[in-house]
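First to last, the protein sequences are chains A and B.
Each residue of the first sequence is one higher than the one before, starting from 1 at the first, in my numbering.
Each residue of the second sequence is one higher than the one before, starting from 316 at the first, in my numbering.
Honestly, the hints are just simulated from the structure, not real lab data.
Heads up, the beta-carbon is just placed ideally off N, CA and C, and yes, glycines get one too.
Among the hints, a few may not be true.
To be verified - Here are the simulated lysine-lysine pairs, DSS-like style, with alpha carbons at most 27 Å apart:
| # | chain 1 | residue 1 | chain 2 | residue 2 |
| --- | --- | --- | --- | --- |
| 1 | B | Lys458 | A | Lys291 |
| 2 | B | Lys423 | A | Lys186 |
| 3 | B | Lys409 | A | Lys283 |
| 4 | A | Lys63 | A | Lys49 |
| 5 | B | Lys458 | A | Lys186 |
| 6 | B | Lys454 | A | Lys291 |
| 7 | A | Lys71 | A | Lys27 |
| 8 | A | Lys283 | B | Lys454 |
Unchecked claim - FRET-style restraints, in silico, Cβ to Cβ:
| # | chain 1 | residue 1 | chain 2 | residue 2 | range |
| --- | --- | --- | --- | --- | --- |
| 9 | A | Tyr286 | B | Ile467 | 15 to 25 Å |
| 10 | A | Asp197 | B | Gln410 | 56 to 66 Å |
| 11 | A | Asp197 | B | Gly431 | 43 to 53 Å |
| 12 | B | Lys423 | A | Tyr293 | 33 to 43 Å |
| 13 | B | Leu481 | A | Asp87 | 31 to 41 Å |
| 14 | A | Met9 | B | Gly431 | 15 to 25 Å |
| 15 | A | Tyr286 | B | Gln410 | 15 to 25 Å |
| 16 | A | Asp87 | B | Gln410 | 52 to 62 Å |
| 17 | B | Glu413 | A | Asp197 | 39 to 49 Å |
| 18 | A | Asn298 | B | Asp434 | 52 to 62 Å |
| 19 | A | Ser232 | B | Gly431 | 23 to 33 Å |
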Amino acid sequence: MNNVNKYIMAALICASLFFIPVTMAGKKVDETIKSEGVNTVTIENLSGKVIIVGWEKEWVTVKGELDDKAKQLVFEQVGHSINIKVDIPKNDRRRAKGSILTIHMPADLRMNFESISSDVELENLTNNVSVKTISGDINAKNLAEHIELSSVSGSIKAKSLQGKINLSTVSGDIKDENSLGRLQLKVVSGDITSKSDASEVFVNNVSGNIKLQLTKVDELNISEVSGDAKVSLFLQRNGIVKASSVSGAVTLDFQDDVAADFRLKANAGGDLTNRLTAQEAEKAKYGPSEKLYFQTGNANSSVSVNTVSGDITVK
Amino acid sequence: MNKHISDNTLLSYVDKLPKEMEPQRDLWQGIEHAIQDKKQQNTFVNKQRYFVPAAWAASLIAAVLVGWVTFSPTPQITEPLVVSNENVLPSNAKQLIETMQVSFQQQKQALLVSYGQPDMSHLSANMQAQFEVLAQARKTIEKALLNDENNIDLLNLLRFTQQQELNLLQQLYPYMNDQNIQWQTI
Chain A
1 MNNVNKYIMA ALICASLFFI PVTMAGKKVD ETIKSEGVNT VTIENLSGKV IIVGWEKEWV
61 TVKGELDDKA KQLVFEQVGH SINIKVDIPK NDRRRAKGSI LTIHMPADLR MNFESISSDV
121 ELENLTNNVS VKTISGDINA KNLAEHIELS SVSGSIKAKS LQGKINLSTV SGDIKDENSL
181 GRLQLKVVSG DITSKSDASE VFVNNVSGNI KLQLTKVDEL NISEVSGDAK VSLFLQRNGI
241 VKASSVSGAV TLDFQDDVAA DFRLKANAGG DLTNRLTAQE AEKAKYGPSE KLYFQTGNAN
301 SSVSVNTVSG DITVK
Chain B
316 MNKHISDNTL LSYVDKLPKE MEPQRDLWQG IEHAIQDKKQ QNTFVNKQRY FVPAAWAASL
376 IAAVLVGWVT FSPTPQITEP LVVSNENVLP SNAKQLIETM QVSFQQQKQA LLVSYGQPDM
436 SHLSANMQAQ FEVLAQARKT IEKALLNDEN NIDLLNLLRF TQQQELNLLQ QLYPYMNDQN
496 IQWQTI
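Please take these sequences and the hints and turn them into a complete structure.
Okay, here's the thing in structure tokens:
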């Protein structure tokens, strides 16, 4: 009898193992709301991964799997907005593993996304887009109009964005390709890489490197503390370049026939190298500063580079 | 009706007029004031080339100071600047730099107080290093400004590094103790 009890116990235990995945898995969702009269979609997700895709249809769908700690998916129209939120009780937030959601929405609606630690992918949204995540990567493709992508600890990859573009992260890299319009890139600790057709470019970095390939610059403004900046650019007629660095090196590589007034200054050390003309830097009579002023062509554009102790090279 | 007056008669009328015409009130005070203003304006125009941008920066900082001074404790600047030759630096340029430093310290202190004076060691090593980089950059720029206090580019760079540090505080401290955040290691 004891042996029978043992076998029954073992069988019960084995049988219960089949139910564990079901009880621990999150709830699956597949819901749709019509987007008539809606102009904004607002999405909040604590953690996990969210994919947001714009389409031509006139409804919003949410598919995926909620975190197993989630109480419910809030998916409702309030006035002219559709709100999508994964509701997780406060006490369970630390243990939440994350929801995986795919959201399709009309491409021409505004979209706001907020998260603590979600990765997010966005594609084909042609109205204003705002993404804020604290810890999570952002991957964006084919967005237009006013675009703001911000992470505190996470990297940003962007491709084919156009309009007023603002990408920022504290600890992470920014990689941008084929952007167009007005581009603003900010990183504290991480590298910035951009191949862009944007005509107005503003870049800030504290301790990472900057590498830019810009095809048509009307205005370029770079501020950095200790990283190096290497920029290859086509400076348009009447264009303006301003670069400031504390201790990082700045290298600007212009097109062959650049016509600009160049003003380079190193305030406390740092070498100034001119590979465009034969003009050399003048050292100050007293103190460690040196300056290099010269012109190329009809000097219709302006290049001003200032460093405390980094090196400056123009070629 | 025109009455023809002879020249002699006219001269006699003129002789009877008072030699002086006194104004209804004392105008000398206003004239002295105007002369004083013009002297100051001339001084201002001469220095305008150097201090218009600096005055713009100072007024911006002053506006921030007015907003913060009621709520912030008086900061203790524990790292006094070493000035090689104080006679070289005009007092108002030096004042601008000091104002920027004081303003920055006040804003930083106010932020830290609002976050409950958090413990920096709770941040990841990378983020702590960023604060070090920014603090070091500030010191480097401040030192360079001692030799070239009218350098607007350096002043802008100083403001940039100060603003980066304040931005970093605002972005990191609210989430410092949040277990949901996995800090990426670069």
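Evaluation of the provided hints:
For the hint linking B/Lys458 to A/Lys291, the alpha-carbon distance of about 18 Å falls within 27 Å, and the restraint holds. Only pairs whose Cα atoms come within 27 Å are accepted, and B/Lys423 paired with A/Lys186 is accepted, the gap being roughly 21 Å. Between B/Lys409 and A/Lys283, the direct Cα distance comes to roughly 25 Å. Compliance with the 27 Å bound is thereby established for this hinted pair. For a cut-off of 27 Å, the pair hint linking A/Lys63 to A/Lys49 stands: about 12 Å separates their Cα positions.
With a C-alpha separation of about 26 Å, the suggested pair B/Lys458 and A/Lys186 falls inside the 27 Å cut-off, and the hint holds. A distance of roughly 22 Å separates the Cα atoms of B/Lys454 and A/Lys291; the hinted pair therefore holds under the 27 Å criterion. The hinted pair formed by A/Lys71 and A/Lys27 meets the criterion: a straight-line CA distance of about 9 Å does not exceed 27 Å. Taking the CA atoms of A/Lys283 and B/Lys454, the gap is near 23 Å; set against the 27 Å cutoff, the hint holds.
In this structure the supplied range 15 to 25 Å holds for A/Tyr286 paired with B/Ile467, their Cβ-Cβ distance being about 20 Å. About 45 Å separates the C-beta atoms of A/Asp197 and B/Gln410, a value inconsistent with the hinted range of 56 to 66 Å. Between A/Asp197 and B/Gly431, the C-beta spacing of about 46 Å keeps the proposed range 43 to 53 Å intact. Roughly 37 Å separates the CB atoms of B/Lys423 and A/Tyr293, a value that falls within the hinted 33 to 43 Å.
Hint check: B/Leu481 to A/Asp87, Cβ distance near 34 Å, so the stated range 31 to 41 Å holds. Distance hint check: the CB atoms of A/Met9 and B/Gly431 are about 54 Å apart, inconsistent with the given range 15 to 25 Å. Hint check: A/Tyr286 to B/Gln410, Cβ distance near 24 Å, so the stated range 15 to 25 Å holds. At about 55 Å, the beta-carbon gap between A/Asp87 and B/Gln410 stays in the expected band of 52 to 62 Å.
The hinted range of 39 to 49 Å is satisfied by B/Glu413 and A/Asp197, whose Cβ atoms lie roughly 44 Å apart. Distance hint check: the CB atoms of A/Asn298 and B/Asp434 are about 59 Å apart, consistent with the given range 52 to 62 Å. Distance hint for A/Ser232 and B/Gly431: a CB-CB separation of about 47 Å, inconsistent with the stated range 23 to 33 Å.
Hint compliance for this structure: hints 10, 14 and 19 are broken, all remaining hints hold.
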